[in-house]
Amino acid sequence: MKTLKMMINKWDNFFFEEKPTEGIALFRIVWVGLLLMYYFADIGNIQDFYGPHALISLDTVREQFPMLHANIFHMFNISYEFTYFVVTVYGLSLALALIGLFTRPALTVVLLCMTSLHQRNIWLLSSSELLMRTITLLLIFSPCGHSLSIDSFLGNFFPRFKNKRTWSVWVVRIIQIQVSVIYLWTVFHKLKGATWLEGTAVYYATRLEDLTNFTVPYLMNSLIFLKIMTWGTLIIEFALGFFIWFKKWRKSVLILGIIFHLGIQYFMSIPFFELYLIALLINFFTPEELKAFADKGVNTFIQGIQESTLGTEIKEKIVRTLRENHETVK
Amino acid sequence: MSRAKKILVSGFILFNLLAMVRVHLPLEQPLLKSLYRPVDSYLNFFSLYQTWTMFAPNPSRANVFLTAEVEFMDGTKDTYKFPKASELNMEDKFSFGERYRVISDVIRKDINSFLWADTAKFALRKLRDSNYHKIPLRVHLVRHWSEIPDVNSKFIPHLTKSKSYDSYEFFTYEVL
Chain A
2 MKTLKMMINK
12 WDNFFFEEKP
22 TEGIALFRIV
32 WVGLLLMYYF
42 ADIGNIQDFY
52 GPHALISLDT
62 VREQFPMLHA
72 NIFHMFNISY
82 EFTYFVVTVY
92 GLSLALALIG
102 LFTRPALTVV
112 LLCMTSLHQR
122 NIWLLSSSEL
132 LMRTITLLLI
142 FSPCGHSLSI
152 DSFLGNFFPR
162 FKNKRTWSVW
172 VVRIIQIQVS
182 VIYLWTVFHK
192 LKGATWLEGT
202 AVYYATRLED
212 LTNFTVPYLM
222 NSLIFLKIMT
232 WGTLIIEFAL
242 GFFIWFKKWR
252 KSVLILGIIF
262 HLGIQYFMSI
272 PFFELYLIAL
282 LINFFTPEEL
292 KAFADKGVNT
302 FIQGIQESTL
312 GTEIKEKIVR
322 TLRENHETVK
Chain B
27 MSRAKKILVS
37 GFILFNLLAM
47 VRVHLPLEQP
57 LLKSLYRPVD
67 SYLNFFSLYQ
77 TWTMFAPNPS
87 RANVFLTAEV
97 EFMDGTKDTY
107 KFPKASELNM
117 EDKFSFGERY
127 RVISDVIRKD
137 INSFLWADTA
147 KFALRKLRDS
157 NYHKIPLRVH
167 LVRHWSEIPD
177 VNSKFIPHLT
187 KSKSYDSYEF
197 FTYEVL
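Quick mapping for you: the protein sequence lines, in order, are chains A and B. Under the working numbering, the first residue of the first sequence is numbered 2, with each subsequent residue one higher. Under the working numbering, the first residue of the second sequence is numbered 27, with each subsequent residue one higher.
Think of the hints as simulated: they come from the structure by calculation, not from any bench. Computed from a predicted structure; not experimentally measured. Among the clues, some could well be false.
In silico DSBU-like pairs for lysine-lysine, Cα to Cα no more than 35 Å straight-line [stated by the list, open to error]: (1) LYS3(A) x LYS59(B); (2) LYS135(B) x LYS11(A); (3) LYS135(B) x LYS228(A); (4) LYS193(A) x LYS31(B); (5) LYS31(B) x LYS165(A); (6) LYS135(B) x LYS3(A); (7) LYS297(A) x LYS32(B); (8) LYS32(B) x LYS20(A); (9) LYS32(B) x LYS249(A).
What the simulated footprint calls covered on chain B by chain A, stretch by stretch (three residues with Cβ under 8 Å from a Cβ of chain A suffice, anywhere in the stretch; the number is not a length) [as the list claims (entries may be wrong)]: (10) 39-49; (11) 62-73; (12) 82-96; (13) 107-115; (14) 154-168; (15) 179-185.
Even glycine gets a Cβ: it sits at the ideal position worked out from N, Cα and C.
Bound conformation, chain A alone (with noise of 0.2 Å):
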């Protein structure tokens, strides 16, 4: 009895511990951020992976998935005005949702257009979009439009748009396992390869063609270079889903995941995938380092203002309302 006590004791301060909502405010921005580049990146396709006349027909996507599938195209008859409408209504949500403006909302559109879009054509996505649906998903359950966001500007003037500034951190807990978990399974799964073991897996995967982006002279020639990036590989990924949850060790790892992702993508041409990455990686940060970073960048913004041109009414109104807003943080 005393032990289950104990757990569930653990179990509250690990997820429902209360910290200020500025943290997954900024991760928000980031995470929207990189969405917007890959909906920018994505708008050309859309005659060949969504339309009526896309690589794959919507028939053969029915047919693969009949069962209940969040997608919206099964339900209407598909055109390119109907594909241009979706794609244009999650670029608008995309939108709201960084400048955090009916900020879940927004969210809940964003997920719906882009699930839809990535079931219009499940065969060309790999680990990025399933990231980006995946968060996006969690997103939404969190206070994430509380803090940096016109919703919580708003909050000053309209009580509807008032909320509170610090919350129960369980869906950065969530995110946190999730991120753990891609790195640990990722370890596992190459455990069991020969070439992983024998120190070539980074040969064989930076001579995939498609996959090179730019080279180091002599470095990626050399096979000693290559086994070290091999085995290093294993080890900041077991570290990066490990040892990222001990306080000791949380801000060298971090550092060192981040070059690692920066380090693949100078290598290697996996678009977003990397990004991705470092943008979850900022989740392991504690909501009060955050916040500090936050507030830096709120003040240098009222900084900015208060140098401007604009006339000193209107500087005061605006650094005002700014100030009152950020003080209901502290």
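We have chain A; now place chain B onto it with these hints.
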């Protein structure tokens, strides 16, 4: 947060934890299968099955691309080459190169033969403008691959492009 809300949220947390490991647990017993049924419905609905097998257990050892050869009634032929990421600039790689890399790898496999007719029709549409006055008879889908040799037998310098590819025609679509 109220006690009732905490219990509800805890259930949702557990549900998500189960969803994260679902693919990795070979649960064949009927009881466990029924336990997982709601998780499966959720994962199916959003396509959230997680494998995270990037370059695992081993990275692929082949450079691959697809072409579609169209035969016309007047005896002429034309070939559509599906975009190959390594031949694209950085912007196009981000925009669609990676997608074509992934789907080419999917289409070439026999297990995904249900995608072949659509792929042939797509190639036909791509070649329609340059052959608008011709009547197509059939489309042949061809996979091309170049294996990366064992590192101990031959070391390939970084950024070297394969010079020779093996080819195999794996599907013919009769247009008429």
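Results of checking the hints against the structure:
1. Pair hint LYS3(A) plus LYS59(B) holds up; C-alpha atoms about 33 Å apart against a cutoff of 35 Å.
2. Proximity of LYS135(B) to LYS11(A) is assessed by CA-CA distance (about 49 Å); at most 35 Å being required, the pair is judged violated.
3. Our distance criterion of 35 Å between C-alpha atoms is met by LYS135(B) and LYS228(A), whose separation comes to about 31 Å.
4. For the hint pairing LYS193(A) with LYS31(B), the CA-to-CA distance comes to about 42 Å; that exceeds 35 Å, so the pair is violated.
5. Taken as a hint, the LYS31(B) and LYS165(A) pair is honoured in the structure, with Cα atoms around 16 Å apart against an allowance of 35 Å.
6. For the proposed pair LYS135(B) and LYS3(A), the alpha carbon gap of about 56 Å is over 35 Å, so the pair is violated.
7. Annotation: proposed proximity of LYS297(A) to LYS32(B) holds, straight-line Cα distance about 33 Å (limit 35 Å).
8. Our distance criterion of 35 Å between C-alpha atoms is met by LYS32(B) and LYS20(A), whose separation comes to about 16 Å.
9. Only pairs whose Cα atoms come within 35 Å are accepted, and LYS32(B) paired with LYS249(A) is accepted, the gap being roughly 30 Å.
10. Using a Cβ-Cβ cut-off of 8 Å, 5 residues of the region 39-49 of chain B lie near chain A, which meets the minimum of three, so the contact claim holds.
11. Proximity of the region 62-73 of chain B to chain A, defined as three or more residues with a beta carbon under 8 Å from a beta carbon of that chain, is established by the 5 residues found.
12. For the region 82-96 of chain B, the proposed coverage by chain A is satisfied: 7 residues have a C-beta within less than 8 Å of a C-beta in that chain, meeting the threshold of three.
13. Check result for the region 107-115 of chain B against chain A: holds, 3 residues qualifying (beta carbon to beta carbon below 8 Å, three or more required).
14. Three residues within the 8 Å Cβ limit are the bar, and the region 154-168 of chain B against chain A gives 0, so the coverage statement is violated.
15. Here the region 179-185 of chain B counts 5 residues with a CB under 8 Å from a CB of chain A, which clears the bar of 3, and the coverage holds.
Going through the hint list in order, the structure does not satisfy hints 2, 4, 6 and 14.
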